[in-house]
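Colleague: Using the sequences and the hints, build the whole thing.
Protein chains: 2
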Amino acid sequence: MKLSKVLSIAAIACLGLVSTAAAEIKLSKAQMDEATEVYFDRCAGCHGMLRKGALGPNLEPEKMKGMGTDTLKYIIHEGTPGGMPEWGKSGELSAAQTDLMAKYLQVEAPQPPEKSLADMKKSHKVLIPVKDRPKAPEAKNWKDYFAVILRDVGQIAIVDGVTKDVVSVVPSGFATHITRTGASGRYMYVIGRDGKASMIDLWMKVPKNVAEIRTCNDARAIDTSKHKDYLDKYAVVGCYWPPSIVTLDADTLDPLKIVSTASYTYDENVYTREARVAAIIASHDKPEWVINIKETGQVWLYDYSNIKNPKITMVEAERFLHDGGWDLSKRYFMTAANARNVISVIDTKEGKLVANIPSEGNKPHPGRGVNVDHPKYGPIWGSGHIGSNDIIFIGTDPVNHPKNAWKIVKKTKLPGDGGGNLFVKGHPNSPYIFADRPVHPDRKLQTQIYVIDKNTLEVVKTLPIDEKYLKPAKAPNGKEVQARGPVHFEFNADGSEVWTSIWGNKLAASPILVYDSKTLKLKKVIDDKRLITPTGKFNVTNTMNDTY
Amino acid sequence: MKLSKVLSIAAIACLGLVSTAAAEIKLSKAQMDEATEVYFDRCAGCHGMLRKGALGPNLEPEKMKGMGTDTLKYIIHEGTPGGMPEWGKSGELSAAQTDLMAKYLQVEAPQPPEKSLADMKKSHKVLIPVKDRPKAPEAKNWKDYFAVILRDVGQIAIVDGVTKDVVSVVPSGFATHITRTGASGRYMYVIGRDGKASMIDLWMKVPKNVAEIRTCNDARAIDTSKHKDYLDKYAVVGCYWPPSIVTLDADTLDPLKIVSTASYTYDENVYTREARVAAIIASHDKPEWVINIKETGQVWLYDYSNIKNPKITMVEAERFLHDGGWDLSKRYFMTAANARNVISVIDTKEGKLVANIPSEGNKPHPGRGVNVDHPKYGPIWGSGHIGSNDIIFIGTDPVNHPKNAWKIVKKTKLPGDGGGNLFVKGHPNSPYIFADRPVHPDRKLQTQIYVIDKNTLEVVKTLPIDEKYLKPAKAPNGKEVQARGPVHFEFNADGSEVWTSIWGNKLAASPILVYDSKTLKLKKVIDDKRLITPTGKFNVTNTMNDTY
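First to last, the sequence lines map onto chains H and Y. The first sequence maps to residues 817 to 1364 in the numbering used here. The second sequence maps to residues 817 to 1364 in the numbering used here.
Source of the hints: derived by calculation from the structure; they are not laboratory data. The model shown is predicted, which means the values in this text are computed figures rather than measured ones. Possibly wrong hints are sitting among the right ones.
Since the list gives no way to pick one copy over another, a pair counts as held whenever it fits inside one copy or between any two copies.
[Unchecked claim] Cross-link-like lysine-lysine pairs, in silico, BS3-like; alpha carbons within 30 angstroms at most:
1. K1044 / K1102
2. K1287 / K1334
3. K1124 / K868
4. K1168 / K1102
5. K1227 / K1270
6. K845 / K881
7. K1219 / K1290
8. K1021 / K1345
9. K879 / K938
10. K1168 / K937
11. K1219 / K1124
12. K937 / K879
13. K1165 / K1044
14. K1223 / K1124
15. K1295 / K919
16. K1024 / K1322
17. K1270 / K1337
18. K1192 / K1219
19. K959 / K1270
20. K889 / K919
21. K1287 / K905
22. K879 / K845
23. K951 / K889
Modeller: Put into structure tokens, the structure is as follows:
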């Protein structure tokens, strides 16, 4: 963002500060309903359902009234240098909606709904009973299937990792966030941002949803029981709202237990109603889920071995926990506290924080991160940043490489200024780590793949995407809308291929590009008219084994 | 209560139902403040800060508007057969206050305040630093001291169990609920209903408060770390509001950690903001507090061994958990879910519910209960009821007496109809269990002590209190106010004496009566003008050892 834009926001903000004596804003029920829905879909993720702020600032009415309608409209339209999208300019919100939202922020937010077990059960459907499901896999390659999130159409494409065929497209929740397999890999569990969980049976010739339930109004996390004594027994959803952990039967998604995550911030001990579950990861060694509670900065180790009497260790970590993944040994959970620029390390064996490591960049965003067994540093784990061009690698082996443990052993810079990275991904059989940059404003930097050598940990190559895969789509009003660059990577089961997808828009299909993970040659373009906004991709075998 | 009264309430309730179209009630800020304070002091305990109900019914405005001001005034004045006190008739509330409260219930309740660690620290005072406290006990009999709660004046009397001298009277919180010692017995920890915690150093020649803090706005529970590795290390307060568990340094009451207890009901999984901590008891075998969460019906086993990362096992038990205590082995926690007429048994070794036993009476109220090693039934635990005359005994030894385990082996009836019992108490060296009945409306039944033989488990004797100890006090308006009968028992350290106190009112002192626990002779009357409303009594040695 240019300085002039920053200054004009500041100027308008000052204007806003003197215009607080304006008449009281009243919205009709229809306007409140529309604004609540827009807020929920576009704003709550960063600013919180109760508007108390998280990655984005606090938006409570008293503060917003001080800024005034004009300032708020400007910011909603133009975005901010701090990461607020240009909702108006990008066309996501109409002029009328921009005006409505500027006003909505100045009135008291409606109390968001609660959700009991009975409420959840109303939405619970077993679409195909267990007895009617296949007794054995009906397709050969199911362990090399990819679940591909078709984000803006609320669907999941199941793509055969061997044949590259789109074998099925199944409906999911709104703006699906992630998918995870059970421990055996048979079922792919899906969570939408609207809190709808669904499960796809990959043993079916044409995989379908076999059960679904809406456990939350807003969610980001799902996982399963991966300990050997509880294989395929439970699924678990982490809710943004109501802030809670919901345990489900892994065969039917029947809801079994809700635990609230509302509690006190770890540092100042301030009560926080909106303490959202940002990520869940399943231990392989213990009957335990590792759960990031964003606003309170706690990692909860949730022992599910006695489902009626869960045992939860509430580990103090750092505030605004976001995403994270296992180290190579699967003992340490490496997770980003994004608004604090910290990587927290949790020792799940001892049930305690090992370190809060400054990430030396702006807004770390690891996804689950990337693991490398490095010839010099030993096992290391890496993450990129949304807000800066730093890819960092942290030593994770305190036994054999104690000098490197919990330190940044290497910081790699993506070329050019600015961040924009969302994901890095690796596989033991690939000599390279791959990084994307889909939210970088520069078109060239946004539309290439960054290839990092596992030995030097430097960017050794960039793979620009051919313009033919980035074709703009035509909107109903005749305007051309550009596709974003590639987003997210996933390897096939043996690691010989790395897949990425073009983050198009919902006006047109966009392809999945398959590269050879050693030669870096583009091997295959999966171009299917059903692939609308393909984003996250999850290979069954790699997801089962937490290989990344 | 007479049938005519019940019918007149019903009739007025019907009247109320047709008068809902009345003008909207508005209260001034001064009226709201007064009513909020009265509600907090008199109503919240049974009906909840958010008026959602617990032991008493839900009082939310929509329902109250349906009843109307006249009905509500009548009920507040007269009480109900279900246990609602006669607030107006008894003179506790003036006519103007009764009218105000009837209106207050029909308007939206103010949001009760939150309390952060910083808020608590503002009220934290170390009155005598550790270094300035005695290095050795300055008085001989401190291990046989009694802390006596002077309820209505917010004080604690320290009474020498040997000499019967009142050695000190120290200030405490409002309407102190209980006191507990640390594991070594040196400090007596006190919690007021207003959430003020204080600690008295019993090693001082004249024991004084050495630290205090207000951890909650409303509280009922305090205990300490009793495991051998954590002796005198932590104290813990359980709050009614904000619903939470607060860990404190046991030497200074410096607040260390707050955990919210707001969660989902164990059975229906409904979110419950007001999930109050009704009781806490410390394990002797594990670094663990056993915590009753009233509204959600969960018993939390709180592992405090790593204070920054508490580990909590959330055991499903029964809703509306109130008070409870250890069985004889100190492995099983025996606790009443009073509004459900159930005794829940928690196995703290296995961390699970053993049984929910119907109490076969109305509103069990064990305090910590009473333990007996019975010649026939083996170890048993007993409780009385507020709402019926049943004293029940439950077998607690599944190993050597499996047929009796978790069953009512004996039900003893107190003479006459009605309940009114609050406490039963025993000691290994006493052949008798003692029971009170201070909330029974019949004057004769209210003012005698019930002596239960430990072998027959029958009431073998009643000890009427001489009228000279029950003298009415004269109120400023010239009206005579009766003292209630004896309340609560405690033994001296060797169990040779049992103490009870006359539950007078704050207009005059009332005595502590000391009986020989074998001969049942009244040995001593402790009559001291400072003993105003003596209620709970806690002997240092018995409290340290959980002997009851």
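Colleague: Each hint: holds or not?
Modeller: Hint by hint, here is what the structure shows:
no., hint, result
1, K1044 / K1102, "both (8 angstroms within a copy, 29 angstroms between copies)"
2, K1287 / K1334, "within (28 angstroms within a copy, 97 angstroms between copies)"
3, K1124 / K868, "between (33 angstroms within a copy, 25 angstroms between copies)"
4, K1168 / K1102, "both (15 angstroms within a copy, 19 angstroms between copies)"
5, K1227 / K1270, "within (13 angstroms within a copy, 75 angstroms between copies)"
6, K845 / K881, "both (20 angstroms within a copy, 25 angstroms between copies)"
7, K1219 / K1290, "neither (55 angstroms within a copy, 79 angstroms between copies)"
8, K1021 / K1345, "within (21 angstroms within a copy, 88 angstroms between copies)"
9, K879 / K938, "between (38 angstroms within a copy, 27 angstroms between copies)"
10, K1168 / K937, "between (36 angstroms within a copy, 26 angstroms between copies)"
11, K1219 / K1124, "between (43 angstroms within a copy, 26 angstroms between copies)"
12, K937 / K879, "between (39 angstroms within a copy, 28 angstroms between copies)"
13, K1165 / K1044, "both (16 angstroms within a copy, 25 angstroms between copies)"
14, K1223 / K1124, "between (40 angstroms within a copy, 23 angstroms between copies)"
15, K1295 / K919, "within (29 angstroms within a copy, 62 angstroms between copies)"
16, K1024 / K1322, "within (22 angstroms within a copy, 73 angstroms between copies)"
17, K1270 / K1337, "within (18 angstroms within a copy, 88 angstroms between copies)"
18, K1192 / K1219, "within (12 angstroms within a copy, 66 angstroms between copies)"
19, K959 / K1270, "within (26 angstroms within a copy, 68 angstroms between copies)"
20, K889 / K919, "within (9 angstroms within a copy, 44 angstroms between copies)"
21, K1287 / K905, "within (21 angstroms within a copy, 83 angstroms between copies)"
22, K879 / K845, "both (23 angstroms within a copy, 25 angstroms between copies)"
23, K951 / K889, "neither (57 angstroms within a copy, 68 angstroms between copies)"
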